[in-house]
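Colleague: Given next are the chains, with one letter for each unit.
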Amino acid sequence: MTTLNIKNKCILVVAVAAIAFAGCKKYLDVNDNPNLASSASVELLLPAVQAALGHDLGNPLQIYGGIWSQYWTQSPTSSQYRSIDQYSVTTTAFDRTWRMIYSDALQDIQEILNLTQGKAASNQYTAIALILKAYAFQLATDAFGDVPLTEATKPGVTNPTYTPQQQIYDSIVAWVNTAISLIDVDAEVTPATDDLIAHGDMEQWLRFANTFKLRVLLRLSEVTPQKAAAGIQTLNNAEFLTKDAQIAYSAVGGNQNPLFSEMLELGRTQNLVASETSTKFMTQNRDPRADIFYTRFVSAARGIDSIIGIPQGSFRSNLRTFSLPSTVTGANARNDLSANAPVKFMSAAESYFLQAEAVARGWLTTGQPALTLFREGIRASFKSYNVSGVETYITNSPAAQWPSGTQQQIRAIIIQKWLAMNGNQGFEAWSEWRRTGYPDFFTVSRASALGDDRMPARILYPSSEVTQNLNFPGIKLIYEPVWWDVKD
Amino acid sequence: MSQIDFYASKGTLLIYLALTFLPFVPQTTAANANRFTDDHENFLAVKGRVTSGKDQQPLQGVSVTVKGTNTGTSTDADGNYGFNNIESNATLIFSSVGFATMEVPVRSRTIINIELQVEAGTLIETVITAIAIRRDKRSLGYSAPVIRSDELLTGRNTSSLNALQGKVAGVNITSTASAPNSSSRIVLRGGSSITGNNQALIVIDGIPTDNSDFLGGSDVRSTQTSGRVDPRSTVNFGNRGNDINPEDIESITVLKGPTAAALYGSRASNGAVVITTKSGRKGQKTEVTVSSTVTFSNVLKVPDFQNDYGQGYAIGLDSAGNNEYYLDPIENWSWGPPLTGEVQDWGQEINGVRRQKAFEAQKNNIKRFFELGKMINNTVSFAGSGEKTTFYLSLSSLNSDGIMPYDKDNYNRYNVRFNGTAQLSNKFTAGIGLNYSRINSNLVQGGQGSGSVYDNLLQTARDIPIHLMDDLDNPYNGYGFLNERGEPVYGFYGAYTVSPYFLLKNYKNENDVDRITGNFSITYKPLEWLDIVERIGADVYADRRRFKYPKFTYYPADEVTGNYARFNVQSEVGQYRENNFNVSEIVHDLMVTAKADLTSDIAASLMVGHNLRQRTVSVSDASTNESFGLIVPGWYNLDNSNGPAYNFNEFSRRRLTGLYSQLTLSFRQTLFLDLTARNDWSSTLPNDNRSFFYPSASASFAFSELMKKGTISDVLSHGKLRASVAQVGNDANPYLLNTYFARPEIDGGFGTTTFPFNGVPGITRSGRIGNPDLKPEITTAWEVGTELNLWNNRMYVDFSYYRNRSKDQILTIPISEGSGFTSMVINGGIVENKGIELSVRGTPIRTSEGFSLELYGTYTRNRNKVVDLELEGVTQVSLGGLADLAVVAAEGKPYGTFYGVDILHDDQGRVIVDDASGIPLETPGAVYFGSYNPDYMASWGANVRYKGWGFNILFDTKHGGQFVSRTKDIIDFNGTAWETAEHGRNPYVFPNSVYTDQDNKLVTNTDITFLPQDYFSNLPYGRNVIDASYVKLREVSLSYRIPKSKLKNSPFGDITVGIFGNNLVLWTPDANKYADPEINSAGATNLQGFDFTAQPSQRNFGFNVSVSF
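In the order they appear, the protein sequences are chains V and E. Note that my numbering numbers the first sequence so that position 295 is 295, with each residue one more than the last. Note that my numbering numbers the second sequence so that position 924 is 924, with each residue one more than the last.
It is possible that part of the hints are untrue.
[As the list claims (entries may be wrong)] Calculated cross-link-like contacts (lysine-lysine; reagent style DSS-like; alpha-carbon spacing at most 30 Å):
1) K363(E) with K505(E)
2) K357(E) with K47(E)
3) K374(E) with K1073(E)
4) K947(E) with K1046(E)
5) K374(E) with K47(E)
6) K476(V) with K1001(E)
7) K1001(E) with K26(V)
8) K1001(E) with K487(V)
9) K154(V) with K807(E)
10) K26(V) with K807(E)
11) K278(E) with K47(E)
12) K154(V) with K775(E)
13) K947(E) with K47(E)
14) K367(E) with K408(E)
15) K525(E) with K505(E)
16) K363(E) with K476(V)
17) K525(E) with K357(E)
[Claimed, not checked] Pair by pair, the computed Cβ-Cβ distance ranges are:
18) D907(E) with N236(V): 51 to 61 Å
19) I586(E) with S38(V): 24 to 34 Å
20) G749(E) with T178(V): 33 to 43 Å
21) N236(V) with K1001(E): 45 to 55 Å
22) D291(V) with P991(E): 33 to 43 Å
23) G474(V) with P991(E): 51 to 61 Å
Treat the hints as calculated values from the structure; they're not laboratory data. Keep in mind that this is a model prediction, so the values were computed, not measured. Yeah, the Cβ is synthetic: ideal placement off N, Cα and C, and Gly gets one too.
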């Protein structure tokens, strides 16, 4: 080999290296993510927020609320929710409940607020986002007590501190007030189909905001009654909901009623059956809604054709005779019609019952007496499920009679509200029971592991907070009441 | 050879080098080296034969070089070598991988026959180091133990990684279930990366290869997008590191520290396992080897069960305060009445008849469910050479039917390997190594999914003879019979569990993998002192999985007794799911190496290289509608989706380019110095941080060379001290820099809301916060050590002390979801590993009759600590795990500490119980348990040889460390665990307990009793953290090689027969009555220590025959 050849070879090496470096920059620019989107818009974010809250309300909160409001109890022929009926749930059970509120809903609400900030044209989106933010925080605080608020969804904060429930309630009212001030029923830019709840009907949102504000303030009736009364006065002669605010579900896989979709994943196991607490009360009051909320147990051989509940928490007994929740609540595992059950954010019946209570307490003026509103609530409940015989019921049923005395009137109102919310607003019914103590005929679950006739008064903080948030304040016991729950 | 323009060409080269980067290239001053032109008077022709000291067989391919020159040759198939013209006073060096290198002065002899000694771990053998560089072991400044083929094959492990267990100090291998499909995890010197990969890089013939473990059946979307592994419902399809056929392996070098592996760059910060495959040798006549192994397997460990109480549960207390029981025939619970032995009805009533059985414990019903697993493993290999070529071709098959009943758990692996070299001209050599692997399997799901066989099996009450229910045609066992109304019914007794036999027959988890790995190299050696190697490697595979879960609705057959209600329907919507993983990894290296003797005492070698790497991963996950499943039962296709099909796909590409250099200096074969430097540019880091540089230095001092004349050399044959220090940088995974938006998927655990929602599209913030300022992570390590050969190589000691520190770790940490996000990407975290490794090998007995006893052992102690997370206000991050039992990195604690809720103790260790229920209270927050890291690992083994006989035995142990067992959790829940009956079933006072009285004082509990059924069925998860210590009889083998003399007149060159066993016996501490602590539901992923109802591990044993022609 000659020297020249060697030099040529060496030059070649250098040349190859040089080419390699020249191409280097471009060669390395391959870090653009093809798998996810880099931007979003409000009309895409809004339905995601609503669906997240819908799933939380319709699945875990409906199950806990449904069982602890004694509409349902664990079936003796299955086992999925035994720990709920035993009041011996663990923190793990609530990870997803929490995630749906914070990561799925509140974060996207924050994105909407960021996108609409300073844009007057987007005010209607801002208003809806604020209402949903208030709604999500009420869910969170009613469920868990103190929760992160001031530091929640705040950039750079990964261990948010907890805000006391009292302050959370103040914030909720403030956001709703701001939302009300922003709503313009004649606005040009409103959501359309992307608003799964009201389809952009801003008047419906105004009614939603007013009704929700009334719900929030009434929740404080026992702990800070004066504050509640003062706040409610601002709603005098306001417009309240007259139809249900809800999300409609369908039979399409992934878009079914969230409770039913859980049942499908559990192999259509019927875990929820009628609780005697509810069926007994409805039967005694000849309530035609019993046949709407439950299926009949029919056995020709044994001559049975009726609505039958089993005692709350009696799953260890060998009972095999019971009614099931019907498809209108999404809780009938064997019937695909359950897929279509809506999830109610607030119902017309609830709206009337809230007004009735506020008027009965003398805190609100709507131009209508409490009795009228009470009856309108019953009518709205029947109407929502197309049940006939409402006037007979109002006339004859002991539970529909209007007693004298504010406390008894409140009792009647809350019991009627509980009846209306059977299997469709379970969590709200349970919160109202915690606030007022009504219905006052709940029984301690036969399977209770708590002892001392204790009953659940909150749901536990999720284990994700226990193990991942350094500012986590500590696990509460399930029977420790939240701040507004002061009535014995 | 022409007269070399030595300095001129070297100068050109140095310009190139200077252009690159090397700041510490020493000035090459006037060197001598005119030895090429020195005149010598006496030249000789020398020849001879090299044989093995072990069995006196001829050794082929032994490198024979003339010391101080570049003259060399290698032995042919008969062990012969020869030189035509060498100096009479020269010294010959004989070296071969796995044998002690010998230096033999010629002393004017013309025939020199040599017997090379096998001395595992001797100091002077040749080892393969980073980038396939062959090095004399004595020159290495770091620990690099070598395992040879025969040592690797003793236990006939189907996994070459598992076969390392107990054989190398400092290596932590988790072999999971020890089935052929099981994942194996190999970690060197403890985990250092908090959330990244901690496994050693696996390098086959110089090419880094993929060792992914895509966990089967887990949520592909969340695993891919968050990097987090969900162990709750998995199928272990194995990891890719186990695809290689162990019989193709010539040797494995373990490069434990970053120093050893620095040249591989960022991926080797966890060390490297360097596998060299077999090759043909020059001058070898074609040899055919046939090896067959038959292996049987059974279950190693099942939990301890109670045998006192049967099916059912307690329903209340009688007047005396004792339980009243209800024997519910549909139950999975074994909280029922005491077992009486009385013959009575059980199960469903079908056609007016119920079956009868004695109400007694079926003591072995779980163990007897499993059958004997069978596996046949065949390899045929051809090795040989032509005049200028060598080749090695092997074909192998592994067919296994595992320990599950029927033939529904199959794993089949086929490998074809071709390795060849060709000398193209005097200056060029080309090499090729190609391996094609084909794997197809059908495996069984573990965890808590509906198809989990073990989970359903464990949920069997103690009196149920489940192992007798395999006949699904029997109406009392089966599913799908029609009742009078024509409805399909089930006759199986259980309403809450499904017959594991039914699951095995109807749930399919199919997998096939096609994989090609290859390396192609061209070596150009224009000058004696210079060579240039261009090598391209590829690892390309398609891993396809098909999950077929049946659609059915069965009513209970029994409508008469009232025990079964129509609500006790067994129903599934069915599913067809496809997971496809396409991985392609392409690596290029161009290396230029120059060697020179700078003075008569100092030799130098300088290598510079350029590396390019690209990894592309394409993942798709498609399924029939996740809520409504299939339309037509039995048709497994996405077209059969009842509603919109589910789809997820992800494509990622990463690239890295690097420049590296290594300078090696040696002084009189006594003092060695290695300096390496590497700069990488990565596509996954932000532009400003994408370039990172890291150096290493190591030194070795063969001090025994200085003592050759003293009496000490009688004891100390060889000895060296070594020291090294290194840095290795590491880049991130792709796409971690930004925060994105994703399609909404609202996961309720059971049931999911997906988008578009009734036709309305949506988008949501993705849960992970990206980090646009990401920096590379840097591991800094140093080690010191010594290797000693004593008493004429009869004893060998290798000791290291090391310390690794990783900082700026790239972490995706779960954060409080109150933040609105679920995780974020950060740089943070200093993790330190320090430890000692000791390997000892000795041959106390070696007789002239050929009897030898060799003893060996290893001891490894690694201390792992998260020093600082470097996150403001953050002292702990969660690494994953389960929400109620996280694995965390907490400052001051070992990496991988378990963190969860436990029962509450007071400061005296007494349990605080609820003053009403008597059940222990739970801790108000999570508490720390131990970590999954063992305190120490050790092994002890012996090899006995006598003539053709060989006997090996190996024990190993891991001591300390914890694991989480859902196996325990489910049998506690179910009332079958041993401890659920320890104090009977009536309410009793929790042992050593206190409660808080009205005055808020803790008082000793003597009267508040609790119902065990309520407590055990709802334990806080921390109760499932148990001691992971074990001792295992890892391997035993006995082999016999038929003496050559008896084969003389046969066509056979060699026949060896043997029996063997691996994973044979397990000893665990009393606290672990549940499972083999090695099983891990998350396979070889970073999530360790989770037995999430993982399938039990197996014991393997069998025989093998190896014949060569």
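Colleague: For which of the previously enumerated hints does the structure constitute a violation, in increasing order of number?
Modeller: Numbers 2, 5, 7, 15, 16, 17, 22, 23 - these are the hints that the structure violates, sorted from lowest upward.
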